[in-house]
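Assemble the whole structure, with the sequences as input and the hints as a guide.
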Amino acid sequence: MSTQPAILPKDEAAAEGKVNVQINGKWYRFPKGTRIADACNSVGAHVPCFCYHPKLSIAGSCRMCLVEQGMPPRLAPGAEPVYNADGYQTISWMPRAVIACANTVAENMGIRTDSPLTQDARRGVLEFLLTNHPLDCPICDQAGECKLQEYTADYGRGTHRFTEAKIKKGKNISIGERVNMDQERCVLCRRCVRFMKEIVGEEVLGVVGRGGHNAIACHPGKRLDSNYSLNTTDLCPVGALTSKDFRFKMRVWFLKSTPTIDVNCGTGTNINIWTREQQVYRITPRQNDEVNSCWMPDNHRLNYKYINADTRLLHPLVRTDAEAPQRKAAMAPTLNMVSTQISKCDADQLAVVASARMTNEELYLTRQLVDMLGITKYDVVPRKGESDNMLIAEDRNPNTTGSKLILGRDGSGLQNIFDGVRSGAIRALIVLNEDVVAAGLSADDLKGLDYLLCVSHNVDGTTPHADVVLPGSTFAEKYGTMINVTGRIQRLNRAIEPPGKAMDTWEILRYLLVRFGCDNEMITACPSARHLFDLLAGEYEPLQGLTWGAIGNQGRQVIETGVTIPLIEREKAKK
Amino acid sequence: MSEKPDAIDRLAVTEPSPGEKHFPKFEVTPELTAEAREYVAQYPEGKEQSAILPLVHLVQEKFGFITPAAVEWIAQECKSTPIHVDGVVTFYPGIHRRCPGKYHFRVCHTIACAMSGGEELIEHICKKIGVNAADMGEIDPMLVSEDGLFSIEPVECLANCGFGPNVMVNDTLHSQMTPEKVDALIDELKNK
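First to last, the protein sequences are chains C and P.
Taken in order, the first sequence gives residues 0 to 574; the numbers are from numbering that gives the first Met the number 0.
Taken in order, the second sequence gives residues 0 to 191; the numbers are from numbering that gives the first Met the number 0.
Treat each hint with caution, since some may be false.
Unchecked claim - Listed next, the in silico SDA-like pairs over lysine to any residue satisfying Cα-Cα at most 20 Å (straight line):
(1) Lys167/C <-> Met135/P
(2) Lys196/C <-> Met135/P
(3) Lys343/C <-> Leu372/C
(4) Lys403/C <-> Thr563/C
(5) Lys167/C <-> Ala6/P
(6) Lys343/C <-> Lys446/C
(7) Lys165/C <-> Ala6/P
(8) Lys191/P <-> Glu155/P
(9) Lys221/C <-> Ser79/P
(10) Lys46/P <-> Ser56/C
(11) Lys78/P <-> Glu197/C
(12) Lys170/C <-> Met135/P
(13) Lys78/P <-> Val206/C
(14) Lys78/P <-> Gly200/C
(15) Lys243/C <-> Asp5/P
(16) Lys196/C <-> Ile138/P
(17) Lys54/C <-> Leu372/C
(18) Lys167/C <-> Ile138/P
(19) Lys221/C <-> Ile138/P
(20) Lys196/C <-> Gln48/P
(21) Lys78/P <-> Arg193/C
Unchecked claim - Short derived list, chain C residues pointing at chain P, Cβ under 10 Å:
(22) Gly169
(23) Lys196
(24) Ile558
Think of the hints as simulated: they come from the structure by calculation, not from any bench.
Predicted model only: the values in this text are computed from it and were never measured.
Cβ atoms here follow ideal geometry from the backbone N, Cα and C, with glycine treated the same way.
Written as structure tokens, this is what we have:
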């Protein structure tokens, strides 16, 4: 006992509010209350889980996370604990495995994730999960990102001993407008049931039947039609719930995922865009506990079709004469022509309608343009909707905060511009990434203009009336930053190249600035949106000292707007 | 999409049974609601869901089985959701989603009863009431006679293993049954 250290590790750890845990023979310290599964995963000892999800309540139903666990022996009355040379008590291992998701770490606990007992337990669980599984990976949409497939390869037996007939359950059931179910593939982890009950608050899914006949179902007539239903397909560790939009479109291992943000509302939900060969196949939410937790609304998720639509503008369109049809043109001469045409306009009679869907970098160059030309009439199009009390913000523009900061406009002056167009005080209009017809101007109002320049990625209500249309890029093709409703700056990353001759709006604006004689080399020679951000960071106080890299994939809080995201507030209150 | 009802549509379907003519049709009456609320009031606020099982028993006792309409009514009374009640109803084999006969025979075929003649008794009763034992389904093994008077269902232990084979007719337990005793019982019930 003389070899016992002067200060025991348990006392050292207790002072920090932590406990000592031995994982696979090595000692680590974790805060009290850490789940065994989280503790093991954080030190690289992988624990397979089906039912455990950090954002949902613990079910402990799949038994996949079984690990061997041990504690110091319980002392006889009056006995003193014995510590070894390192200051730890001997661990006596329990004869049966425990589940790592429902148990928390304790002082001097031992965990083995690679012992024969653990391996046996996992093999056994997998063998049972597979008894009634249809083993239809070749035709299953989840193949490639299926936990059951992965764990079977990692921990399974490779053969199975079950020779009886498998229980037949429902297949290809439409349980909602956007979700399809295959009950046979289900491992009954109940993540979908818990998600609908705990996060959405609509208990439409449940488990019916008993034993081998257990299946996920919804009550007839009460379908899974929530605007958050597609999150269940992300949660589903197997191919039981699949997205009707994505199923059978593409094998997931062919897809490349790009972390970026959603631009359908001011929340700026963090997403991954899944692409192959310049085609967007699906969007999935990406975890960010300050913005969207792990979820996203269905209507935002599915709003990507326009990126690869036939209505995309691939060339500049030019109308050479009044009433003449628009004709395709090359980019460089069109930009030359546009700059000449704009310089002929009187700055008092020229207005710019920009968009709060543009990135900070694009707004910055818009600002340079209006300042250089002396334009005073410029604003963005406001988009107000109703908050769904979950993730969708009232403000349907993704970058109103950025627009207020950089352009100094929030959309309140748009009607003045429109009135000017109607009264004839404004003779020329530059529309950047917006549809002014949808925003309230009529086709007749636009016909009264002398000159209408549009930058747009798709044919919309405004482009047919424009004298010149320049093809722009969608959010999937952009590098840039946006500031969400809460004042968090987040990065957009390019998932695919702009199609045809389409260009980022900042590039178009830079060309124009060069032709108008801008002498700031940082702008005229700017090679990427990233460099523009450095300019922004130097100029605007809230962005001071920030760099592209420092924003990272999780964003940075830069402004306090006081606006909160209801779902995130609820999640924080739960903790 | 196929024409056949899928696994979810089937939750809404009540298979027809000749037993239905011996039971009243499920109907929500003020008396029923009052009785249900008495059960619900037994549980603290926020835990109304606990009354699901008592209400399921109440409905089954009065109407013989649980219809989808009853599921929705129970869910509403217990401040729960229909799918949760569906889960409870489909979990217990003792709760019927199809109407049994007026006299429901539960024949034990767990080991003690099976060894003392329970399995043969099932065959015998089936023959006596005119149903085919081979028609018993895996999930819902109940068979109902054509006149709706009798139904038979093999069940697990009736907790009277020392005196097998055991048969429970509605709520009355008959132990040490033989084919002769069963015949006599069925004849007696038929003439009641």
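Do the hints match the structure? See the list:
A distance of roughly 17 Å separates the Cα atoms of lysine 167/C and methionine 135/P; the hinted pair therefore holds under the 20 Å criterion. Of the pairs offered as hints, the one joining lysine 196/C and methionine 135/P is violated, with about 36 Å between alpha carbons and a cut-off of 20 Å exceeded. Restraint check: the Cα-Cα separation between lysine 343/C and leucine 372/C comes to about 11 Å, which is no more than 20 Å; the hinted pair holds. Of the supplied pair hints, the one linking lysine 403/C and threonine 563/C holds, its CA atoms being roughly 18 Å apart against a limit of 20 Å.
At most 20 Å may separate the alpha-carbon atoms for a hinted pair to count; lysine 167/C and alanine 6/P meet this at roughly 10 Å. Taking the CA atoms of lysine 343/C and lysine 446/C, the gap is near 19 Å; set against the 20 Å cutoff, the hint holds. In summary, the hint linking lysine 165/C to alanine 6/P is supported, as the alpha carbons are separated by about 17 Å, within the 20 Å threshold. For a cut-off of 20 Å, the pair hint linking lysine 191/P to glutamate 155/P is broken: about 29 Å separates their Cα positions.
Proposed proximity of lysine 221/C and serine 79/P is supported: the alpha carbons are some 14 Å apart, at most 20 Å. Straight-line distance between C-alpha atoms of lysine 46/P and serine 56/C comes to about 18 Å, which keeps the hinted pair within the 20 Å bound. Distance restraint check for lysine 78/P and glutamate 197/C: the Cα-Cα separation of roughly 16 Å lies within the 20 Å cut-off, and the hinted pair is therefore satisfied. In summary, the hint linking lysine 170/C to methionine 135/P is not supported, as the alpha carbons are separated by about 24 Å, beyond the 20 Å threshold.
Taking the CA atoms of lysine 78/P and valine 206/C, the gap is near 18 Å; set against the 20 Å cutoff, the hint holds. For the suggested pair lysine 78/P and glycine 200/C, the alpha carbons sit about 14 Å apart, so the restraint of at most 20 Å is met. For the suggested pair lysine 243/C and aspartate 5/P, the alpha carbons sit about 17 Å apart, so the restraint of at most 20 Å is met. Of the pairs offered as hints, the one joining lysine 196/C and isoleucine 138/P is violated, with about 28 Å between alpha carbons and a cut-off of 20 Å exceeded.
As the CA atoms of lysine 54/C and leucine 372/C are separated by approximately 52 Å, the hinted pair breaks the 20 Å bound. Of the supplied pair hints, the one linking lysine 167/C and isoleucine 138/P holds, its CA atoms being roughly 12 Å apart against a limit of 20 Å. Pair hint lysine 221/C plus isoleucine 138/P does not hold up; C-alpha atoms about 24 Å apart against a cutoff of 20 Å. Using a Cα cut-off of 20 Å, the hinted pair lysine 196/C and glutamine 48/P holds, with the two alpha carbons roughly 14 Å apart.
Straight-line distance between C-alpha atoms of lysine 78/P and arginine 193/C comes to about 18 Å, which keeps the hinted pair within the 20 Å bound. With a least beta-carbon distance of about 3 Å to chain P, the hint placing glycine 169/C at the interface is held under the 10 Å criterion. With its C-beta approaching chain P no nearer than about 9 Å, lysine 196/C sits inside the 10 Å limit, and its interface hint holds. With 10 Å as the threshold, the beta carbon of isoleucine 558/C stays out of range of chain P, its nearest partner Cβ sitting at about 41 Å, so the hint is violated.
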